[in-house]
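Protein chains in written order, with the numbering used here: chain A, 1 to 445; chain B, 1 to 445.
Treat the hints loosely; a few may be bogus.
Note: identical chains are not told apart, hence a pair may lie in one copy or across any two.
Stated by the list, open to error - Pairs of lysine to aspartate or glutamate, DMTMM-like flavour, derived with a Cα cap of 25 Å:
id, residue 1, residue 2
1, Lys104, Asp81
2, Lys104, Asp343
3, Lys99, Asp81
4, Lys104, Asp358
5, Lys47, Asp310
6, Lys99, Glu344
7, Lys122, Glu344
8, Lys444, Glu365
9, Lys390, Glu401
10, Lys361, Glu347
For the record, the hints were derived by calculation from the structure and aren't laboratory data.
Number of protein chains: 2
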Amino acid sequence: MVLSTFIAVAIAWSGPGMRAPVSRVAGAQMVAADIAVGVKRNPNMAKLQAGYLFPEIGRRRNAYLAAHPDSRPIISLGIGDTTQPIPTHILGGLEGSAKRLGTKEGYSGYGAEQGVGDLRAKIASKLYNGLIEPEEVFVSDGSKCDIGRLQLMFGNAVVSAVQDPSYPVYVDSAVMMGQTRPVDSATPQGQHPGIVYMACNPSNNFFPDLSNTPRADVIYFCSPNNPTGATASREQLTQLVQWAKKNGSIIVFDAAYAPFIKSAGTPKSIYEIPGAKEVAIEVNSFSKYAGFTGVRLGWTIVPSALKFADGTPVRNDWNRVMCTIFNGASNIVQGGGLACLDDEGLEEISTLIDYYLDNAKLLRETMEALGFTVHGGADAPYIFVDLKGKSSWDMFSHILETAQVVTIPGAGFGPGGEGFLRLSAFAPRAACVEACERLTAMFKQ
Amino acid sequence: MVLSTFIAVAIAWSGPGMRAPVSRVAGAQMVAADIAVGVKRNPNMAKLQAGYLFPEIGRRRNAYLAAHPDSRPIISLGIGDTTQPIPTHILGGLEGSAKRLGTKEGYSGYGAEQGVGDLRAKIASKLYNGLIEPEEVFVSDGSKCDIGRLQLMFGNAVVSAVQDPSYPVYVDSAVMMGQTRPVDSATPQGQHPGIVYMACNPSNNFFPDLSNTPRADVIYFCSPNNPTGATASREQLTQLVQWAKKNGSIIVFDAAYAPFIKSAGTPKSIYEIPGAKEVAIEVNSFSKYAGFTGVRLGWTIVPSALKFADGTPVRNDWNRVMCTIFNGASNIVQGGGLACLDDEGLEEISTLIDYYLDNAKLLRETMEALGFTVHGGADAPYIFVDLKGKSSWDMFSHILETAQVVTIPGAGFGPGGEGFLRLSAFAPRAACVEACERLTAMFKQ
Numbered sequence: 001m002v003l004s005t006f007i008a009v010a011i012a013w014s015g016p017g018m019r020a021p022v023s024r025v026a027g028a029q030m031v032a033a034d035i036a037v038g039v040k041r042n043p044n045m046a047k048l049q050a051g052y053l054f055p056e057i058g059r060r061r062n063a064y065l066a067a068h069p070d071s072r073p074i075i076s077l078g079i080g081d082t083t084q085p086i087p088t089h090i091l092g093g094l095e096g097s098a099k100r101l102g103t104k105e106g107y108s109g110y111g112a113e114q115g116v117g118d119l120r121a122k123i124a125s126k127l128y129n130g131l132i133e134p135e136e137v138f139v140s141d142g143s144k145c146d147i148g149r150l151q152l153m154f155g156n157a158v159v160s161a162v163q164d165p166s167y168p169v170y171v172d173s174a175v176m177m178g179q180t181r182p183v184d185s186a187t188p189q190g191q192h193p194g195i196v197y198m199a200c201n202p203s204n205n206f207f208p209d210l211s212n213t214p215r216a217d218v219i220y221f222c223s224p225n226n227p228t229g230a231t232a233s234r235e236q237l238t239q240l241v242q243w244a245k246k247n248g249s250i251i252v253f254d255a256a257y258a259p260f261i262k263s264a265g266t267p268k269s270i271y272e273i274p275g276a277k278e279v280a281i282e283v284n285s286f287s288k289y290a291g292f293t294g295v296r297l298g299w300t301i302v303p304s305a306l307k308f309a310d311g312t313p314v315r316n317d318w319n320r321v322m323c324t325i326f327n328g329a330s331n332i333v334q335g336g337g338l339a340c341l342d343d344e345g346l347e348e349i350s351t352l353i354d355y356y357l358d359n360a361k362l363l364r365e366t367m368e369a370l371g372f373t374v375h376g377g378a379d380a381p382y383i384f385v386d387l388k389g390k391s392s393w394d395m396f397s398h399i400l401e402t403a404q405v406v407t408i409p410g411a412g413f414g415p416g417g418e419g420f421l422r423l424s425a426f427a428p429r430a431a432c433v434e435a436c437e438r439l440t441a442m443f444k445q
Numbered sequence: 001m002v003l004s005t006f007i008a009v010a011i012a013w014s015g016p017g018m019r020a021p022v023s024r025v026a027g028a029q030m031v032a033a034d035i036a037v038g039v040k041r042n043p044n045m046a047k048l049q050a051g052y053l054f055p056e057i058g059r060r061r062n063a064y065l066a067a068h069p070d071s072r073p074i075i076s077l078g079i080g081d082t083t084q085p086i087p088t089h090i091l092g093g094l095e096g097s098a099k100r101l102g103t104k105e106g107y108s109g110y111g112a113e114q115g116v117g118d119l120r121a122k123i124a125s126k127l128y129n130g131l132i133e134p135e136e137v138f139v140s141d142g143s144k145c146d147i148g149r150l151q152l153m154f155g156n157a158v159v160s161a162v163q164d165p166s167y168p169v170y171v172d173s174a175v176m177m178g179q180t181r182p183v184d185s186a187t188p189q190g191q192h193p194g195i196v197y198m199a200c201n202p203s204n205n206f207f208p209d210l211s212n213t214p215r216a217d218v219i220y221f222c223s224p225n226n227p228t229g230a231t232a233s234r235e236q237l238t239q240l241v242q243w244a245k246k247n248g249s250i251i252v253f254d255a256a257y258a259p260f261i262k263s264a265g266t267p268k269s270i271y272e273i274p275g276a277k278e279v280a281i282e283v284n285s286f287s288k289y290a291g292f293t294g295v296r297l298g299w300t301i302v303p304s305a306l307k308f309a310d311g312t313p314v315r316n317d318w319n320r321v322m323c324t325i326f327n328g329a330s331n332i333v334q335g336g337g338l339a340c341l342d343d344e345g346l347e348e349i350s351t352l353i354d355y356y357l358d359n360a361k362l363l364r365e366t367m368e369a370l371g372f373t374v375h376g377g378a379d380a381p382y383i384f385v386d387l388k389g390k391s392s393w394d395m396f397s398h399i400l401e402t403a404q405v406v407t408i409p410g411a412g413f414g415p416g417g418e419g420f421l422r423l424s425a426f427a428p429r430a431a432c433v434e435a436c437e438r439l440t441a442m443f444k445q
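Input sequences plus hints: build the corresponding full structure.
Given below as structure tokens:
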């Protein structure tokens with residue numbers, strides 16, 4: 001095969017000291033490739049029926065705005081995105097670590113893939129009271145990313161179980177990894193064959209009936225829950241750990257919303273449950289605590305006691321995955337994480353949490369006053385509104401069009417979310433108040 | 001199964017406003033789990049014979065130090081880790097974007113998973129002269145991480161080809177993804193069955209003999225090359241693109257060292273080659289340019305014209321992967337990326353590149369004066385020293401023990417790297433000078 005045109009295309013890097021581009025393309029056209037790429041699309045990617053949930057919400061929001069350019073501003077109670085500025089002490093940590101990179105003494109390049117030693121130690125001591133060893137803490141750029149890497153570690157031969165509804169990343173990443181079969185006519189609506197869906201709804205107080213649940217290798221469990229806002233009690237988590245032990249399963253416990261728990265006695269970590277270190281990984285994040293949704297910092301705990309069936313410590317394989325396809329969280333951002341865990345930082349986080357929980361209370365009370373049955377919103381930043389059988393995507397559109405408020409349809413979190421709507425408490429207070437007014441005007445009889 | 005002890009373990013989050021821990025563990029012991037975890041270890045993880053290369057180098061370095069506590073300081077010409085402070089203008093971009101997060105107006109949470117629009121546009125215009133559209137640019141936390149995600153997108157049914165020697169992440173991540181078979185007695189030393197190894201050595205001027213290379217689905221190709229320091233010419237890259245077109249392959253072109261190219265006419269991007277947009281993905285990084293090895297910022301180009309065999313744009317699946325298991329590069333870090341691409345930033349980068357290239361020249365000339373045959377080090381920050389058949393791990397140890405200089409054994413980059421040693425030019429100048437003195441004292445006849 002001979003290309004019919006040969007064009008010297010210039011690439012810039014045109015700063016002083018770099019050679020100037022050799023030539024420039026001017027209206028040159030390439031002939032179409034005469035041989036198509038022969039690489040087959042990964043069939044697992046094709047199993048995903050729709051785009052990832054949150055970009056899809058953004059797409060619908062933008063489509064509404066394009067069609068209604070004169071709309072009043074849209075208020076988002078959609079994606080759980082923090083809106084309050086980063087407080088002073090924590091900000092100082094971020095700025096300080098950035099500034100140090102400009103000095104000869106303070107500059108640092110590649111860090112340990114597992115995170116800065118001080119931060120691992122501080123997470124272990126300040127957040128886990130020393131129950132977890134520093135070497136069991138792996139710092140990362142966030143839980144979403146860690147869940148993707150966990151799937152790569154587990155491989156495609158495991159069976160995964162999820163709460164239904166749940167954060168869509170567990171299922172989507174399991175599908176991408178090849179843990180599921182293609183959807184066929186026998187597949188229940190909205191499910192992926194091969195995933196164990198553990199129904200969580202008002203009838204079981206949002207905790208699955210484990211006596212009736214098939215065994216899975218990996219059990220994704222989130223408390224406080226996204227999207228339902230339910231928190232699992234100590235008794236429930238004990239049941240979960242015992243069930244995992246009985247079945248030889250690994251729990252991936254998502255504790256990203258743990259500090260929103262205010263009720264005494266409700267566990268903030270799976271490791272509060274005896275024996276959990278032998279069966280559970282915990283993923284966690286500074287995103288919602290410290291306003292780090294865009295800053296990107298999280299961590300995953302892989303206890304040394306956790307072992308695969310052949311005796312290989314899970315921690316070894318996790319370490320290998322992290323070293324090979326991750327290069328550590330940003331050194332600037334880890335400086336912010338250290339500041340978060342100073343006393344001043346923890347106090348600032350506490351204030352932020354209280355702010356968002358007050359929003360949650362407002363949203364919850366408003367929806368209740370409008371006659372809706374409402375879940376969550378007490379020890380969690382999400383309110384889960386029962387639509388009494390109505391379609392959640394229809395209600396999403398109806399509220400967007402009538403009140404110009406973005407919510408998240410429960411169906412986006414799995415089939416078990418149909419008939420519910422998730423409201424996020426992460427909006428600024430004024431936006432929250434106005435959203436409540438708009439919803440009241442819309443729904444008041 | 002009943003747990004014999006039930007311990008209320010306290011988890012902190014003990015900032016003011018948060019409930020105090022319920023109780024504390026005092027010397028409590030868990031009984032050993034009586035049922036082991038039944039989850040089978042992912043067999044692909046077991047196919048990796050050794051730890052990831054660079055931590056292994058660090059381990060050996062630390063072992064030497066532990067055994068020789070009175071050793072003079074070790075000089076690292078090992079991992080390609082930048083050592084010069086981040087220059088003023090770029091630092092200002094990082095600090096400024098951190099500072100803005102502390103203000104109501106400047107705060108931002110989740111950004112687009114694909115990166116800030118301004119940065120995507122600036123990469124397209126400043127680095128690719130508009131040859132690439134902004135929507136083809138995906139900003140990330142680095143190339144290493146993107147290579148891991150690319151493997152997830154491609155899946156386990158593709159055949160991957162690599163230059164031998166090459167950056168170990170291509171092969172290791174392919175193995176993790178399940179693209180290879182277990183090593184058996186018929187496997188050539190150091191290879192993974194299922195990977196196409198394209199020998200690159202002095203006999204072929206470090207460019208593979210494509211007429212003799214089996215077809216692969218995905219071809220990883222790095223120029224300027226890590227570890228050999230070789231750069232592919234326009235003619236060679238044209239050959240590569242034509243070969244990919246003929247075979248229906250996808251090239252993953254790793255251009256992380258592109259701005260080190262000073263020779264006129266040598267392409268800095270695969271897209272300088274006509275037709276490349278229909279067959280090539282390009283991964284790239286700010287790490288080596290701007291001293292961002294610890295800051296973490298890179299990008300991947302997936303042209304809209306690149307399609308899988310069934311016509312699905314590769315870009316669609318890449319976007320789905322990025323949205324699902326990635327949450328965008330840190331907003332602070334992206335502010336630094338924007339500053340890099342200002343004229344002042346490009347000038348600062350150019351100065352940094354010149355600094356490291358002067359180190360490379362020094363190392364190259366020193367090794368040549370000592371009688372070694374040396375490759376690379378001209379348009380690349382790596383010097384590849386021919387050991388004339390000697391074991392590279394032995395030479396690594398010998399130099400560490402005699403000169404207290406860390407290098408990287410070529411064998412760590414694949415079987416084709418055996419008999420070579422990689423020296424990195426990223427050390428500070430004074431360290432480079434002293435390393436040259438120590439090597440001269442060691443090797444001078």
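Taking the hints in turn, this is what the structure says about them:
With identical chains, the CA atoms of lysine 104 and aspartate 81 are at most 25 Å apart between copies only, with a shortest distance of 14 Å across copies and 37 Å within one. Taking the closest pair of Cα atoms, lysine 104 and aspartate 343 come within 25 Å of each other only across two copies (24 Å); inside a single copy the shortest separation is 29 Å, beyond that limit. In this assembly of identical chains, the alpha carbons of lysine 99 and aspartate 81 lie at most 25 Å apart only when taken from different copies (19 Å versus 27 Å within one copy). In this assembly of identical chains, the alpha carbons of lysine 104 and aspartate 358 lie at most 25 Å apart only when taken from different copies (19 Å versus 45 Å within one copy).
Taking CA atoms no more than 25 Å apart as the test, lysine 47 paired with aspartate 310 passes between copies only; the shortest distance there is 14 Å, against 31 Å inside one copy. Taking the shortest alpha-carbon separations for lysine 99 and glutamate 344, both the intra-copy value of 21 Å and the inter-copy value of 18 Å come in at or below 25 Å. In this homomeric assembly, lysine 122 and glutamate 344 come within 25 Å of each other (Cα to Cα) only inside a single copy, at 14 Å, whereas the closest approach across copies is 38 Å. With identical chains, the CA atoms of lysine 444 and glutamate 365 are at most 25 Å apart within one copy only, with a shortest distance of 14 Å there and 82 Å across copies.
In the homo-oligomer, the alpha carbons of lysine 390 and glutamate 401 lie at most 25 Å apart inside one protomer (17 Å), although the nearest pairing across protomers, at 73 Å, exceeds that limit. Taking the shortest Cα distances, lysine 361 and glutamate 347 sit within 25 Å of each other inside one copy (21 Å), while across copies they are farther apart (53 Å).
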